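Keeping their order, the protein sequence lines are chains E and H. Here the first sequence stands for residues 144 to 255, numbered as in our numbering. Here the second sequence stands for residues 913 to 1029, numbered as in our numbering.
In short, the hints are calculated from the structure, not lab data. Remember, predicted model here, so these are calculated numbers, not experimental data. C-beta: ideal position from N, C-alpha, C; glycine also. A few of these clues could be false.
Stated by the list, open to error - To be clear about the criterion: a stretch of chain E counts as covered by chain H if any three or more of its residues have a C-beta under 8 Å from a C-beta of chain H, and this derived list gives those stretches:
# : stretch
1 : 180-186
2 : 191-203
3 : 233-242
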Amino acid sequence: NAGVTQTPKFQVLKTGQSMTLQCAQDMNHNSMYWYRQDPGMGLRLIYYSASEGTTDKGEVPNGYNVSRLNKREFSLRLESAAPSQTSVYFCASSKLPEYEQYFGPGTRLTVT
Amino acid sequence: AQSVTQLGSHVSVSEGALVLLRCNYSSSVPPYLFWYVQYPNQGLQLLLKYTTGATLVKGINGFEAEFKKSETSFHLTKPSAHMSDAAEYFCAVMLWGGGTSYGKLTFGQGTILTVHP
C-alpha cells in the first residue's frame, strides 16, 4: 500500500516549457487535490477533484490545468511554465471531501 | 471565508521542555481543525484533528490540541520535547456541510520547531 505517489520528484524547466505532474493513490479515495508550497505561505490549493469526473479551481489556479484520469490518478499540467511557478507541489487525497487528507512526497519544480 | 494564523514562524525549545505552537482561526461556522507535521524533504503527515465532540484531542507522538471556540484557537502542545520533534508544523481549517468552501483545507503559514539538546 504505497498511499499517494508523485512523479517526478525533481524537475527543472525553462520558461515557456510545458510539463505534467503525475499523482496516483491506491487508497480508493474519492477526492484528490493539488497544492503548492512556498516559503512562509503554507500550502495553497491549486485545483481539486471532489469525485471522479469533477474538477474545480482552488485558490491559485492560474497557469495550471488538471485532469482526473480515473479514480486513482489526478494530473497537474503547466502549459507554459513561468519562474513564478517555481515551488514544491503536493498531491493529496481523501476518502471524502470532509475527511482528512493524505499527502504525497512532493515534486520540487524549478523554472529558470 | 476561513483563515488561519499561526503565531510565530519559528519556535525554539530545549529537549524536555514544553512545546506550545499557537493557531487561531477565523470562520463563519465551527470548522474542522487539523495539525499536520512536515519533516525535511517529505510530505505532510496528520498529527491530529478536531471534528466534533471532545474538545481536547490527542494525536500521534504525544501531541495534543484543545479546541477553544470562545478564543477561536486550536493550540498544539506536547509536555516534553524530543529531538525528533524538530519539523515544520501546519495548522489547517476546513469548512463542512456544503457551500463553495466545503471540504477545502486552508493552511496557516507554518511554524518551524527547533529542539536544542
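Evaluation of the provided hints:
no.: 1; hint: 180-186; verdict: holds (count 4)
no.: 2; hint: 191-203; verdict: holds (count 3)
no.: 3; hint: 233-242; verdict: holds (count 6)
When the structure is compared with the earlier hints, no violation turns up for any of them.
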